[in-house]
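Novice: Protein chains in written order, with our numbering: chain A, 1 to 170; chain B, 1001 to 1273.
Errors might be hidden in some of the hints.
To be verified - List of simulated lysine-lysine pairs, DSBU-like, C-alpha gap at most 30 Å: (1) A/Lys133 with A/Lys163; (2) A/Lys79 with A/Lys90; (3) A/Lys9 with A/Lys90; (4) B/Lys1269 with A/Lys133; (5) B/Lys1167 with B/Lys1222; (6) A/Lys163 with B/Lys1222; (7) A/Lys76 with A/Lys123; (8) A/Lys123 with A/Lys163; (9) A/Lys90 with A/Lys76; (10) A/Lys2 with A/Lys79; (11) A/Lys2 with B/Lys1222; (12) B/Lys1269 with A/Lys76; (13) A/Lys123 with B/Lys1269; (14) A/Lys90 with A/Lys133; (15) A/Lys133 with B/Lys1167; (16) B/Lys1207 with A/Lys76; (17) A/Lys133 with B/Lys1132; (18) B/Lys1167 with A/Lys2; (19) B/Lys1132 with A/Lys90; (20) B/Lys1207 with A/Lys123; (21) B/Lys1167 with B/Lys1207; (22) A/Lys123 with A/Lys90; (23) A/Lys133 with A/Lys76; (24) B/Lys1207 with A/Lys163; (25) A/Lys79 with A/Lys123; (26) B/Lys1167 with A/Lys9; (27) B/Lys1207 with A/Lys9; (28) B/Lys1067 with A/Lys79; (29) B/Lys1067 with B/Lys1207; (30) B/Lys1132 with A/Lys9; (31) B/Lys1269 with B/Lys1207; (32) B/Lys1067 with B/Lys1167; (33) A/Lys90 with B/Lys1167; (34) A/Lys163 with B/Lys1132; (35) B/Lys1222 with A/Lys76; (36) A/Lys76 with A/Lys163; (37) B/Lys1067 with A/Lys90; (38) B/Lys1269 with A/Lys79; (39) A/Lys2 with A/Lys123.
Everything labelled a hint here was simulated from the structure, so no lab data went into it.
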Amino acid sequence: MKIGTIDVKISNISIGVFVFFTLLLIAASMANPGIGPHLIWMIPCLFLLLVIPIALNYMSRSQYHELAPIYEQEAKTVKVRFINENMIGKIVRIEGVVERIHFQFLNRPQYSVADRTGAISVKMFTSPDENVKVNDIVEVYGQVIRRYMVSGEPVINCVIIRKFNRQSQE
Amino acid sequence: MTDNAERMRDTRNLYLEALVPLLAFGSTILGIILYHAGILAEIQYAGIGGFLASCLLAVLAWLRPRKDIVSLTTPIYGFIFLITPIDYTGGVVLQLLYACGLTVLLIRLRSRFGAGSPGRASATELAAGPLKTYVGSMHETFTALDPQTGHSAAAVFMSFSEGDYQKAADLSHAAACHGGTPGPVVRAFGIVREHAELLEQNRPCPKTCLQFLPEDAPLTAKSPACTGDTGRECETTIDNALLLLFSAAYHAAPADRPLLIASQAFAQKLLEA
């Protein structure tokens, strides 16, 4: 779904929650006609279960959209093995293969991206522009942060992740 | 950190871990006794031990390099059990089940997240481990090194670790030209310069890159990879060069030691890669 120039994606879990409560509401209204007068506020609430995640996704994606050119301009290409605690706060670019993906269903994907020197966790706090899959060769732009903000090993807070073909770039 | 200090830390951790089930079960048992003696008015307050045990479990989880989110959140439940009024039988069963749960989480923490917190460096020395052993073995070689060269080695290592590759290349070039620098250190500066320039320009490692001489082998931390894979050989060479500079800086530039100690995780990573 497109709002302006932003391609908004709603997570499967939000759709699942909406469907679950819709079915629950239908079943409850059939079983108990007394619910009828309450439908006037229950139905809008039901739609809010969809509208709120869409609004949040739109806001985060539009912000990432604005950040993308800044990151593309400022990022320095580094090897995964050389990312360390002294690089916290630096904007970096890495190239590698996606080894694992977690939490995609929450629209908060966490990738494990590896180059020939090592692997690193790449966290994204919104859905990516492209549908990245395991074994895809990608380039990642992001900022080096600690896994738990104040503690933990360095990870990349990703702003852009996209499929990448080195030959075509050269 | 000395072996003795490590042993003391392990013993302290073991006592703290033993305290988790002791507090959780002990508090409930003591609560039952006090309740029947008429001293404790409400059984929910016997949950104070469970709450303290969960706080201790969270602290133990926090001290580990990999954090266990489940253990970290247990105090929330401990607090809820403590403040929620409950009847006697339900309260006792809930607290005992919670104590069992904390014990299982403690076992899980030990088996999946390591037996204890890692050797942390003090502000004045390196953490015990292969890096400290390697740096220690270089003491004789680098103690007599010119402090200026030591400082340059520290600056190069720090610039490289911060991803400031152009600065690392420039500093390496300047330091290699400095008179009186021993051959292996000059070669290390040369290797770092070559790799820093390649990284700055995002170019791959060439088929032939600068190498240490065979007589430098006793000074290098890692054995050269003889796999025929030039990329792997280049990686080992740059690791050795950075570790040699780290070691030289540690011994020859005492003023830069705090910075090097703060960056030891990177050196450790290179050594273990």
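Novice: All the hints need checking, so say for each whether the structure fits it.
Specialist: Hints versus structure:
1. A/Lys133 with A/Lys163: 9 Å, holds
2. A/Lys79 with A/Lys90: This hinted pair holds, its Cα atoms lying about 14 Å apart.
3. A/Lys9 with A/Lys90: 29 Å, holds
4. B/Lys1269 with A/Lys133: 29 Å, holds
5. B/Lys1167 with B/Lys1222: 25 Å, holds
6. A/Lys163 with B/Lys1222: 35 Å, violated
7. A/Lys76 with A/Lys123: Between A/Lys76 and A/Lys123 the Cα gap is close to 18 Å, so the pair holds against 30 Å.
8. A/Lys123 with A/Lys163: 16 Å, holds
9. A/Lys90 with A/Lys76: 9 Å, holds
10. A/Lys2 with A/Lys79: With a Cα-Cα distance of about 35 Å, the restraint between A/Lys2 and A/Lys79 is violated, given a limit of 30 Å.
11. A/Lys2 with B/Lys1222: 54 Å, violated
12. B/Lys1269 with A/Lys76: Measuring from Cα to Cα gives roughly 21 Å; hence the hint holds.
13. A/Lys123 with B/Lys1269: 21 Å, holds
14. A/Lys90 with A/Lys133: 26 Å, holds
15. A/Lys133 with B/Lys1167: 37 Å, violated
16. B/Lys1207 with A/Lys76: Holds: B/Lys1207 and A/Lys76 sit about 24 Å apart, inside 30 Å.
17. A/Lys133 with B/Lys1132: Violated, at about 41 Å.
18. B/Lys1167 with A/Lys2: Violated. B/Lys1167 to A/Lys2 sits at ~45 Å, over the 30 Å cutoff.
19. B/Lys1132 with A/Lys90: 28 Å, holds
20. B/Lys1207 with A/Lys123: 34 Å, violated
21. B/Lys1167 with B/Lys1207: Distance of about 25 Å is within 30 Å: holds.
22. A/Lys123 with A/Lys90: Cα-Cα ~15 Å, so holds.
23. A/Lys133 with A/Lys76: With a Cα-Cα distance of about 24 Å, the restraint between A/Lys133 and A/Lys76 holds, given a limit of 30 Å.
24. B/Lys1207 with A/Lys163: 28 Å, holds
25. A/Lys79 with A/Lys123: Roughly 17 Å between the alpha carbons, so the hint for A/Lys79 and A/Lys123 holds.
26. B/Lys1167 with A/Lys9: 42 Å, violated
27. B/Lys1207 with A/Lys9: Judged against 30 Å, a Cα distance of about 45 Å means the pair is violated.
28. B/Lys1067 with A/Lys79: Holds, at about 26 Å.
29. B/Lys1067 with B/Lys1207: Measuring from Cα to Cα gives roughly 42 Å; hence the hint is violated.
30. B/Lys1132 with A/Lys9: 50 Å, violated
31. B/Lys1269 with B/Lys1207: 25 Å, holds
32. B/Lys1067 with B/Lys1167: With a Cα-Cα distance of about 35 Å, the restraint between B/Lys1067 and B/Lys1167 is violated, given a limit of 30 Å.
33. A/Lys90 with B/Lys1167: 15 Å, holds
34. A/Lys163 with B/Lys1132: Roughly 41 Å separates the two Cα atoms, so the pair is violated.
35. B/Lys1222 with A/Lys76: 28 Å, holds
36. A/Lys76 with A/Lys163: Distance of about 18 Å is within 30 Å: holds.
37. B/Lys1067 with A/Lys90: Distance of about 24 Å is within 30 Å: holds.
38. B/Lys1269 with A/Lys79: 13 Å, holds
39. A/Lys2 with A/Lys123: 24 Å, holds
Against the hints set out earlier in the document, violations occur for numbers 6, 10, 11, 15, 17, 18, 20, 26, 27, 29, 30, 32, 34.
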